[in-house]
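Asks: Could you build all of it, start to finish, from the sequences and the hints given here?
At position 225 of the sequence shown (counting the first as 1) the number is 302 in this note's numbering, and the numbers step up by one without a gap.
Among the clues, some could well be false.
[Claimed, not checked] Derived DSSO-like pairs (lysine-lysine); straight-line CA-CA distance at most 30 Å:
| id | residue 1 | residue 2 |
| --- | --- | --- |
| 1 | Lys304 | Lys227 |
| 2 | Lys177 | Lys287 |
| 3 | Lys220 | Lys249 |
| 4 | Lys153 | Lys177 |
[Said to hold, decoys possible] Quick list of the computed label-pair ranges, beta carbon to beta carbon:
| id | residue 1 | residue 2 | range |
| --- | --- | --- | --- |
| 5 | Glu250 | Arg164 | 22 to 32 Å |
| 6 | Ser234 | Ile305 | 40 to 50 Å |
| 7 | Asp219 | Ser284 | 32 to 42 Å |
| 8 | Gly126 | Asp219 | 49 to 59 Å |
| 9 | Glu99 | Arg124 | 22 to 32 Å |
These are computed hints drawn from the structure, not numbers from a lab. Glycine included, each C-beta is placed from N, C-alpha and C at the ideal position.
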Amino acid sequence: MELGDDYMHENLDEETKIKFRELRLSWVFGYILETFDLRDLIESFSRRGYTTPTREEVPLVPIRARLGGAGIIARKGEFDVYVDTSRQIIGVRCSADFSKLRPFYQEVRDILIEDFELDFTRDVRYCELSSEIRVKGKKVIDKIRNIPIKQIPELESIVGKYALVGFRIGSKEGYPTMSNWFEIEIHPVWTKPRNYYEVWVVYRNESEEKVLFFAENLESVVSSAIKIVEG
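Replies: Following this line, the structure appears as structure tokens:
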């Protein structure tokens, strides 16, 4: 589900625009003995007027005495609630920036507290933001190719002249499997390599407040990362 190609932000310069193709915010819980029962989650949102799937749309998987699964379990307008019970993930997503998603995020959070007695300080292992963003530019692939990298004659003798066509930056310490991690990947949109950047962002942290702060500043983060290419 997308809001369409008109949802763009002009916060870089007159010729560079940001479009959120997807924004996800997830809670990853840390229960040892119990996990969520998908039937209870679906019933909770259905009772509040959300559009919820049939059993066929979200196949149920037995997990001890409970039923689990993964997929979208509730929808309200352009916003989705998704779960992966085996990984203890509940999250929200849309195709807009955080200012649009935040009220829905808070609403779902309140439902989980009220219906499932969750303590987000105690029960959440970490929170994660992931986003796919498209940024309009000029001569995108050429600018990325101009980023200096080391030339290895042995490689060039086999493949010919080479250059960067994309890159990834991430946390200087730690590893991608850890609870506190950041990474951003930038490459051209392969079907429009001269006019658009594709930007993938992941930010996770054990502090929900830090993830929300990052979400509030996501456009600034993307703008700053693009400057690695644009200068």
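Asks: Indicate, hint by hint, whether the structure satisfies it.
Replies: Consistency of the hints with the structure:
1. Restraint check: the Cα-Cα separation between Lys304 and Lys227 comes to about 21 Å, which is no more than 30 Å; the hinted pair holds.
2. With a C-alpha separation of about 18 Å, the suggested pair Lys177 and Lys287 falls inside the 30 Å cut-off, and the hint holds.
3. About 25 Å separates the Cα atoms of Lys220 and Lys249, which keeps this hinted pair within 30 Å; it holds.
4. Pair hint Lys153 plus Lys177 holds up; C-alpha atoms about 13 Å apart against a cutoff of 30 Å.
5. Range check, Glu250 to Arg164: Cβ separation about 25 Å, and the 22 to 32 Å hint holds.
6. Between Ser234 and Ile305 the beta carbon distance is about 29 Å. The supplied range of 40 to 50 Å is therefore violated.
7. Here the CB-CB span from Asp219 to Ser284 is close to 40 Å, well matched to the stated 32 to 42 Å.
8. At about 51 Å, the beta-carbon gap between Gly126 and Asp219 stays in the expected band of 49 to 59 Å.
9. Here the CB-CB span from Glu99 to Arg124 is close to 27 Å, well matched to the stated 22 to 32 Å.
In this structure, the one hint that does not hold is number 6.
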